[in-house]
Amino acid sequence: MLSVEDLSKSFTIHHLGQTREAISGINLNVAQGGFLGIVGRSGSGKSTILKSIYGTYRPDGGRIIYDSKENGPVDIMEISDHALIHLRKTEIGYVSQFLKVMPRTTSLELVTQSLLEMGVGLVEAEAQAKTALEHYDIPESLWNNYPNTFSGGEKLRLNIARATVKAPRLLLLDEPTASLDHASKVKVREAISKLKDEGTTLVGIFHDLEFMEGLCDSVYDMSNQEMRHALA
Amino acid sequence: MKTADNVALCVRNFSKHYGDGCAYCMDEDAVLDRNICPECGTIHACSDISFDLHKGEILGIVGESGSGKSTLMKMLYFDQEASSGEYHLADFLDGDRDVLKLSSRQKRQIRNEILGMVYQNPVYGLKMEFSAISNIAEKLIASGSRNVGDMTATGDHFLGKVNIPLNRKYEPPVNFSGGMQQRVQIAKALSNYPPVLLLDEVTTGLDLSVQADVLELIKEIQRELGISMIVVSHDLAIIRMLCDRTMVMLDGSVIESGITDQILEDPQHAYTQQLVYSIL
Ligand SMILES: Nc1ncnc2c1ncn2[C@@H]1O[C@H](COP(=O)(O)OP(=O)(O)O)[C@@H](O)[C@H]1O
Ligand SMILES: [Mg+2]
Ligand SMILES: [Zn+2]
Numbered sequence: 001m002l003s004v005e006d007l008s009k010s011f012t013i014h015h016l017g018q019t020r021e022a023i024s025g026i027n028l029n030v031a032q033g034g035f036l037g038i039v040g041r042s043g044s045g046k047s048t049i050l051k052s053i054y055g056t057y058r059p060d061g062g063r064i065i066y067d068s069k070e071n072g073p074v075d076i077m078e079i080s081d082h083a084l085i086h087l088r089k090t091e092i093g094y095v096s097q098f099l100k101v102m103p104r105t106t107s108l109e110l111v112t113q114s115l116l117e118m119g120v121g122l123v124e125a126e127a128q129a130k131t132a133l134e135h136y137d138i139p140e141s142l143w144n145n146y147p148n149t150f151s152g153g154e155k156l157r158l159n160i161a162r163a164t165v166k167a168p169r170l171l172l173l174d175e176p177t178a179s180l181d182h183a184s185k186v187k188v189r190e191a192i193s194k195l196k197d198e199g200t201t202l203v204g205i206f207h208d209l210e211f212m213e214g215l216c217d218s219v220y221d222m223s224n225q226e227m228r229h230a231l232a
Numbered sequence: 001m002k003t004a005d006n007v008a009l010c011v012r013n014f015s016k017h018y019g020d021g022c023a024y025c026m027d028e029d030a031v032l033d034r035n036i037c038p039e040c041g042t043i044h045a046c047s048d049i050s051f052d053l054h055k056g057e058i059l060g061i062v063g064e065s066g067s068g069k070s071t072l073m074k075m076l077y078f079d080q081e082a083s084s085g086e087y088h089l090a091d092f093l094d095g096d097r098d099v100l101k102l103s104s105r106q107k108r109q110i111r112n113e114i115l116g117m118v119y120q121n122p123v124y125g126l127k128m129e130f131s132a133i134s135n136i137a138e139k140l141i142a143s144g145s146r147n148v149g150d151m152t153a154t155g156d157h158f159l160g161k162v163n164i165p166l167n168r169k170y171e172p173p174v175n176f177s178g179g180m181q182q183r184v185q186i187a188k189a190l191s192n193y194p195p196v197l198l199l200d201e202v203t204t205g206l207d208l209s210v211q212a213d214v215l216e217l218i219k220e221i222q223r224e225l226g227i228s229m230i231v232v233s234h235d236l237a238i239i240r241m242l243c244d245r246t247m248v249m250l251d252g253s254v255i256e257s258g259i260t261d262q263i264l265e266d267p268q269h270a271y272t273q274q275l276v277y278s279i280l
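Note that the protein sequences, when read in sequence, are chains A and B. The opening residue of the first sequence carries number 1 in UniProt numbering; numbering runs sequentially from there. The opening residue of the second sequence carries number 1 in UniProt numbering; numbering runs sequentially from there.
No wet-lab data here; the hints were simulated from the structure. By construction, the Cβ of each residue, glycine as well, lies at the ideal position given by its N, Cα and C atoms. Mixed in with the good hints, there may be bad ones.
[Claimed, not checked] Covered stretches of chain A, going by a simulated chain B footprint (3 or more residues, C-beta under 8 Å):
| # | stretch |
| --- | --- |
| 1 | 13-26 |
| 2 | 30-38 |
| 3 | 166-174 |
[Unchecked claim] So the derived label-pair ranges between C-beta atoms look like this:
| # | chain 1 | residue 1 | chain 2 | residue 2 | range |
| --- | --- | --- | --- | --- | --- |
| 4 | A | 181 | B | 175 | 47 to 55 Å |
| 5 | A | 207 | B | 157 | 32 to 40 Å |
| 6 | B | 209 | A | 113 | 19 to 27 Å |
| 7 | B | 64 | A | 199 | 46 to 54 Å |
| 8 | A | 21 | B | 127 | 54 to 62 Å |
| 9 | A | 63 | B | 156 | 21 to 29 Å |
| 10 | B | 143 | A | 197 | 52 to 60 Å |
| 11 | B | 106 | A | 73 | 40 to 48 Å |
| 12 | B | 101 | A | 5 | 42 to 50 Å |
| 13 | A | 63 | B | 223 | 46 to 54 Å |
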């Protein structure tokens, strides 16, 4: 479903006259419905890989082949901006610790919009959005509030609700549980498990990957740049 | 050439220079002093700009003051004549014609029926001494409406949409605050449902909370009406909130373009990096 081949990315910071290599020679893949965890120390390039797959970073070399539902295999690095925007609306989701908020947009609107982008009708989208907010324990009293007033945990749960409500075909998770308490983490695990049952393919970075035990099928280790089975 | 299926507006090799140009600066490899020709002093306000605006998308244009953003918008709205280039609109004869070559009567028709423009300074978009509702009626008459009842209904609808209390619709915008003037300008620009809306620094100079109102209004309009928009701003925070894709302009040229998160998180050009790092 997703295969990354010989991926490399460096960043040139012009005013410092510096070029820093973030990753090189990355090869990994994940089968449809599989869950790949990426492990490695901080600064080893884990997020760079995820952001390259999502198309936020523009890599220097390699290929990122994604088997899309609509058009079959495409190279994320080669497709047009509009094709990528479309894939993000319909097939590929991304969750990080940071919530992108719009002014004057309530939490319910935020999650609803995520479904409207996929072409779900308004009534249905709102109903599904409410179910998702409930699942992530966003109290009903907050549904019509602006997320910039939420606590860190609430923001994050909202962020996850927004990405998972679409049941994307491929979901990229960049340490989504990093700042959560145990109860919230359990919720996230539950949601991931449910998405997996429904066939979503997942690639995730978790500082405590043990927490995903039983869900994760394989692991990519940045220290030796190799894949292994999760239980090996 | 014509517009592709999903494209609302398409521009190729758009340029605008003030001055006659010379053999040196008319060469595409000429090195200018910012946007000025060192040989003849001609100002190259826009140089060789090409892009497509897709249907329903919001395209951002960011760059410092003097980079050519407003000149580009004025050429798109026929406020100024392009020095060269090609320009197609899907809603004019299926995008078949280069609209730069049309008569001024036809250009006026496009301005009235296909394009909406909102200027940074409401003075350019509104008749400040006419009532808010007559400002809208003026636009509707220009686009062919004749029925007073219909025009009043449309005017009320859009003034309501931009939160202008209807008991103030007979007041002239000169009585209104900056934020209200901007909202009347948006109502006027939208009143004939143009498929393409051009917005030039429309929140610059407004208070932050008023800015948020106007931004939310723009987002809402785009969601509800599916209008394609070009949003010009020197402020990356606004671009981040509104735009699907972004072009960065410097000294009259587009130096970088991409999906907005690419521009913000992986800027390539030294100037874009300077812009981005200054907001983080
Ligand atoms: N009418 C004009 N005559 C001469 N130069 C102009 C005129 N309008 C704009 N310019 C010049 O063109 C360049 C681009 O200006 P403008 O499009 O207003 O930039 P922006 O909107 O990005 O601030 C600047 O160098 C400006 O001084
Ligand atoms: Mg300007
Ligand atoms: Zn010259």
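To see whether the hints hold, each was checked on the structure:
1. 13-26: holds (count 3)
2. 30-38: violated (count 0)
3. 166-174: violated (count 0)
4. 181(A) - 175(B): 47 to 55 Å: The hinted range 47 to 55 Å holds for residue 181(A) and residue 175(B), with Cβ atoms some 54 Å apart.
5. 207(A) - 157(B): 32 to 40 Å: Once the Cβ atoms are compared, 53 Å apart, the range 32 to 40 Å for residue 157(B) and residue 207(A) is violated.
6. 209(B) - 113(A): 19 to 27 Å: With Cβ atoms ~22 Å apart, the hint holds.
7. 64(B) - 199(A): 46 to 54 Å: At 48 Å between Cβs, range holds.
8. 21(A) - 127(B): 54 to 62 Å: holds (59 Å)
9. 63(A) - 156(B): 21 to 29 Å: violated (56 Å)
10. 143(B) - 197(A): 52 to 60 Å: holds (54 Å)
11. 106(B) - 73(A): 40 to 48 Å: Given about 46 Å between the Cβ atoms, the range holds.
12. 101(B) - 5(A): 42 to 50 Å: holds (48 Å)
13. 63(A) - 223(B): 46 to 54 Å: At 35 Å between Cβs, range violated.
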